[in-house]
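J.: Listed here are the chains, written in short residue letters.
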Amino acid sequence: MGCVQSFRDLCDRPKNTNVRVSLPVVCFVWQTAMVILFGVFIRYNAESDVHWREFRRTNNISSDIENDFYFRYPSFQDVHVMVFVGFGFLMTFLKRYSFGAVGFNFLIAAFGLQWALLMQGWFSSLDTDGKIKIGVENLINADFCVAGCLIAYGAVLGKVSPVQLLVLTLFGITLYAVEEYIILSILHARDAGGSMVIHTFGAYYGLAISWMLYRPNLEQSSRLQGSVYHSDVFAMIGTLFLWMFWPSFNSALTDHGDGQHRAVINTYLSLASTVLTSVAVSSLFQKQGKLDMVHIQNATLAGGVAVGTAAEFMLMPYGSLIVGFFCGIISTLGYIYLTPFLEKHLKIQDTCGVHNLHAMPGVIGGVVGAITAAAATETVYGKEGLINTFDFDGDFKGTTPSRQGGMQAAALCVALVFGIGGGIFVGCILRLPIWGDPADEDCFDDQFYWELPEDEESVEPVLEYNNHTIRNKNVAETIFSVEQT
Amino acid sequence: MGCVQSFRDLCDRPKNTNVRVSLPVVCFVWQTAMVILFGVFIRYNAESDVHWREFRRTNNISSDIENDFYFRYPSFQDVHVMVFVGFGFLMTFLKRYSFGAVGFNFLIAAFGLQWALLMQGWFSSLDTDGKIKIGVENLINADFCVAGCLIAYGAVLGKVSPVQLLVLTLFGITLYAVEEYIILSILHARDAGGSMVIHTFGAYYGLAISWMLYRPNLEQSSRLQGSVYHSDVFAMIGTLFLWMFWPSFNSALTDHGDGQHRAVINTYLSLASTVLTSVAVSSLFQKQGKLDMVHIQNATLAGGVAVGTAAEFMLMPYGSLIVGFFCGIISTLGYIYLTPFLEKHLKIQDTCGVHNLHAMPGVIGGVVGAITAAAATETVYGKEGLINTFDFDGDFKGTTPSRQGGMQAAALCVALVFGIGGGIFVGCILRLPIWGDPADEDCFDDQFYWELPEDEESVEPVLEYNNHTIRNKNVAETIFSVEQT
Amino acid sequence: MGCVQSFRDLCDRPKNTNVRVSLPVVCFVWQTAMVILFGVFIRYNAESDVHWREFRRTNNISSDIENDFYFRYPSFQDVHVMVFVGFGFLMTFLKRYSFGAVGFNFLIAAFGLQWALLMQGWFSSLDTDGKIKIGVENLINADFCVAGCLIAYGAVLGKVSPVQLLVLTLFGITLYAVEEYIILSILHARDAGGSMVIHTFGAYYGLAISWMLYRPNLEQSSRLQGSVYHSDVFAMIGTLFLWMFWPSFNSALTDHGDGQHRAVINTYLSLASTVLTSVAVSSLFQKQGKLDMVHIQNATLAGGVAVGTAAEFMLMPYGSLIVGFFCGIISTLGYIYLTPFLEKHLKIQDTCGVHNLHAMPGVIGGVVGAITAAAATETVYGKEGLINTFDFDGDFKGTTPSRQGGMQAAALCVALVFGIGGGIFVGCILRLPIWGDPADEDCFDDQFYWELPEDEESVEPVLEYNNHTIRNKNVAETIFSVEQT
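Protein chains in written order, with the numbering used here: chain A, 69 to 553; chain B, 69 to 553; chain C, 69 to 553.
Source of the hints: derived by calculation from the structure; they are not laboratory data. Be aware that one or more of the hints could be misleading.
Where chains are identical, the list cannot tell them apart; a pair therefore holds if satisfied intra-copy or between any two copies.
[Claimed, not checked] Derived lysine to any residue pairs resembling SDA-like cross-links, with alpha carbons at most 25 Å apart:
(1) 201 with 324
(2) 201 with 447
(3) 358 with 292
(4) 415 with 324
(5) 412 with 239
Next comes chain A alone, as it looks inside the complex (with noise of 0.2 Å):
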């Protein structure tokens, strides 16, 4: 702990927000890297390539309806819905960080996508030719990848630069592809909706960072930490379409045919059963019942996350309400104690409180899987279910549920290793003292990697008077002329 705490001195010199020279190059150079990297290795699938036609005699496939495309490309728009209107419009909450919140969101998702396909496609794509050739099925992958940091992004959220960032996104989306081959492939995990992949791995990815990133001095931010009537309306935007997209988010990758149907309803379920306990806690415990639109906005989502893992299995109706039920008292409850103590205790600064939507709910949504895997007979399966769904199949014919139920376990902590150990690692880099990160009394404001529209370019005070602050130019104006008659 001594060294790291020496490096952080080492790394508290005075700030410069300038990212003329730093945010271009990068955006240039990687940017350049992706056209040369796809020209090397990126080609069309068999579905999307010209010579479908043909594949299609060859393979005896009746009609063009049953190209992959057919099956998932409306889920794969609302997961694109979700990571850059859901995310990005969640983080608007802040009275002068909307800009940052869907800008930068853009930014990073914009980049991560691009890395998330080759790297992804390097470990699960890759042709006999050495080329990875995408499909629809590549495009939601990387969609996925980037929600990923974007949940990182969450608990940083005002508090770095444009190009921290983008280095947080390179590196997480490297982690990520490792970290999901590890569980998906070598461990053959199930993981539908990503609970432990996505959301465990992203919220502690951002969490250890943050915590490296720690800001001793943040409270001299406190006046933008909050948010105004119109952000807290505009953030509900990107709660909605989060919780309506949550089944497409869940479904877009399993079965054809019974697995993204079940995987649908058991969101659902889950998610509705969520949004009434969330709201029973948040007037629980506050003076007069009234509701706290923090936990409406965050806990009301926890419900996708937890059935993340399970959602293809045969979790049953009421079984999705009961992890929707508790995830919402547990969310609610972490954003009234758990985020304050967290903050005063180990030093982590956690803006969005991704530790209660994703990080809990996302080991939740692991050990839900787990068990349920582990609990799964043929009797409820059937022998053909039970191969179809856990994928015995090939190298892992003949597994049995309970040794997957261990696997899902193994998952959880792989998950969990990276995104602590990964964003620790990540959160030593972003302390150098060249990405413009902004000074502990400059957080949560847009000014200073925005041009802002001239009226309303500061909330600072124009003028202190009589003791008083003026914030307001025009008040400011008047005073010194009635001042002056």
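Given chain A's structure and the hints, the job is docking chains B and C onto it.
T.: Chains B and C in isolation, oriented as in the chain A frame:
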């Protein structure tokens, strides 16, 4: 009426908006009940169950793509967006009730859809083993059912507590399920987009409740019963998502193939036509020809409501345009003349004007449906088409179009009776002084049920100064200082 | 030019924004005309007609899922969102023109799509019985056609009356239909995403109109020609829905199977690449490396425009990235250098910068399409693929790729000629002093065409005080009081 009046007096006790006990209790008890009832009754249907592959073989289904999921899931997601973002944001137009609009909409929809799955399941999806088997069609039906209650919410927006809304929803869903069973199964009426079942019922249910909850001194809240510039833009998000996805709403449950295709075309055209006549009437009746945002936000949707019943019939493209044409006019005129009349003379306070957007267009839709059904001929539909479209099969083999027209008319009456009667009954219950609703002078104000961001906590005057009301805290402080010098 | 100038002088009479007669009359007359023309000409096609089942048997179609509806409806809904929410909200960035942006966009799109169904139907869907038979493909085409006019609206945003917009749309749709017929049917060019047909035509049509309507004293409205913080966030809703659904736009009408699949991949990649280079250039050219919201809102979309024509070709993933790479740079530089140049030296006032977002990328898209078509080989496409992709069938059997490239180049010229020529013609008509457009000092202001909420009715100064302009009514009253004491 004397009895109603005395009951009203009995209930008019001082108000207390503290829902810290009642809201959590209702949420927890009802969600627990849902878990238990789902445990007893609800299972996956053949298309979402893990035995789907065996079902496919048994029923000779050639491909996974013929799972009902792929016919209906894109429409389901559109309907889902309408219910949560469409209805939620449409009601954000009030200057200080956006949290309540979008937040309570979220709460009651999430509860309502669970209860709807049970109620509708008992009536229409009960299997021989006593279980309700659910699939994507049930999810759509549950969203439809919830839509009825959200329409009712529009009539009482800003005047009720969240606990009252949950009670309104519990009874609303129950009544809906019974009414729907009578209309669709007993009378065997067709109502693809729910002009009668959803819109007529929902609107009159809400209006009757609003009548029972009449607030004589509501003008004391008039300072908040309007919009501000940005809240009107938020409301347009709701309007547009409702408008754009209405074709999915009306086609979500129609027949595979031409049924869904035709319902989309009819709805698309009817809505387009409504926009032009709404704009025309709005401009014609305002000074200087200026447009009124209330009309653009609401009346433009009337065509979608009115084409609901007949959407799957051979209404013909020009028929759809004609329906939309007149609905735009009637709905806009309703906002100009009828809403003030209802409030003044019938004591019905209709916050969102659901009478103009849902009630009248719903009744028109029912009438259009009855006429077009009665006028259906084998020349237009073909023998097979007539049987498929109107489902003249099984018990209803040999029904004539004219008899079907009569049944449609009877269905409309059923919807009206359930709406008005149910609303009066539930309104009585909601008058009891135990639900935490606000006083007449505190309506349309988020501050009683929501923790508001500090700097905009209140639009109350901070200071009365020289007979001027000063609302801005900074200004008030400035004046203080200037005075003191 | 002298003639143009004298016509300009003739038209520069005092302005009157009262549209109370003209707007309702135009709406009613045109909507009535639509009803009559639809009655005479428009019918359901084989896939939306009630005789679909017989058609299925006759044509040996094995399942309802092969109805074109299921191939295209999800894409149609995405396109619909782009047209109404995407274009509508993208234009809400102005501080006091959000009602006009989203409301007039709604009006002209709803009118335009009806007229487009007729115009495009006469050219391409006319059956042997003289009727236009419509299905989901026609709805998509109508939305596309409308998009062209909405692009033109972007150039004149805030400077025209709703009546002028309806005239602009009537002529725009007509010109579009003719131009599209020449390009797609006579020249047999391919243009999946409409780089030429939609974007090049629409942008130059709008720019030519803007040139004809040049306002020499527009700087008198400059106080309103900017954004405020929240209006920029609203505009991001438009940006993101356009960005996310652009793959659906470019693939909505391409071939079933690999055609749609490939168009999605190409567009997704091109757009991702554009984001990074737009951000890089935006940061590089601003002081302190701050990002400009105008660039993020607009230039990030240029890649979707530029990949429109070639989206269905074997552009290869890296090819898409390259197109996006350069478009992001060119479009952002356009906002920085070209828009001011056009206004100052060419007298083209381009409110939304459609020249940078649609015109230049559209032309680039046309050129990329011509080159990739000319370079197509049997090695890459296969014999069958070449015929399918470029539709070298029927009258065009045996066309060579190089000849196709020439036709693509000719198509681009046709789009340019129709856009510029049509715009000048329609601009002449719109200069007549009968349309109710605002004076130069009243542009970009909603108050002339909309009833505004009371408390924000005006941003005009309430009071001039000691040479200070006081805009806030409360402050003004305060000063009054303080003065009087």
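J.: Is it within, between, both, or neither for residue 412 and residue 239, if the alpha carbons may be no more than 25 Å apart?
T.: Neither: 28 Å inside a chain and 46 Å across chains, both beyond 25 Å.
J.: Measure nothing new, just compare the shortest in-copy and cross-copy C-alpha distances for residue 201 and residue 447 to 25 Å and report within, between, both or neither.
T.: Between. Shortest inter-copy distance 18 Å satisfies the 25 Å Cα cut-off; intra-copy 39 Å does not.
J.: I want to check one pair: residue 415 and residue 324. Are their C-alpha atoms no more than 25 Å apart within a copy, between two copies, both, or neither?
T.: neither (45 Å within a copy, 55 Å between copies)
J.: Using 25 Å as the alpha carbon limit, work out where residue 358 and residue 292 are close: within a copy, between copies, both or neither.
T.: Close inside one copy (23 Å) and across copies (20 Å); limit 25 Å.
J.: Cα distance capped at 25 Å. Does residue 201 pair with residue 324 within a copy, between copies, both, or neither?
T.: Cα proximity of residue 201 and residue 324: in one copy and across copies (20 Å, 20 Å).
This entry does not satisfy hints 4 and 5, going by the numbered hints stated previously.
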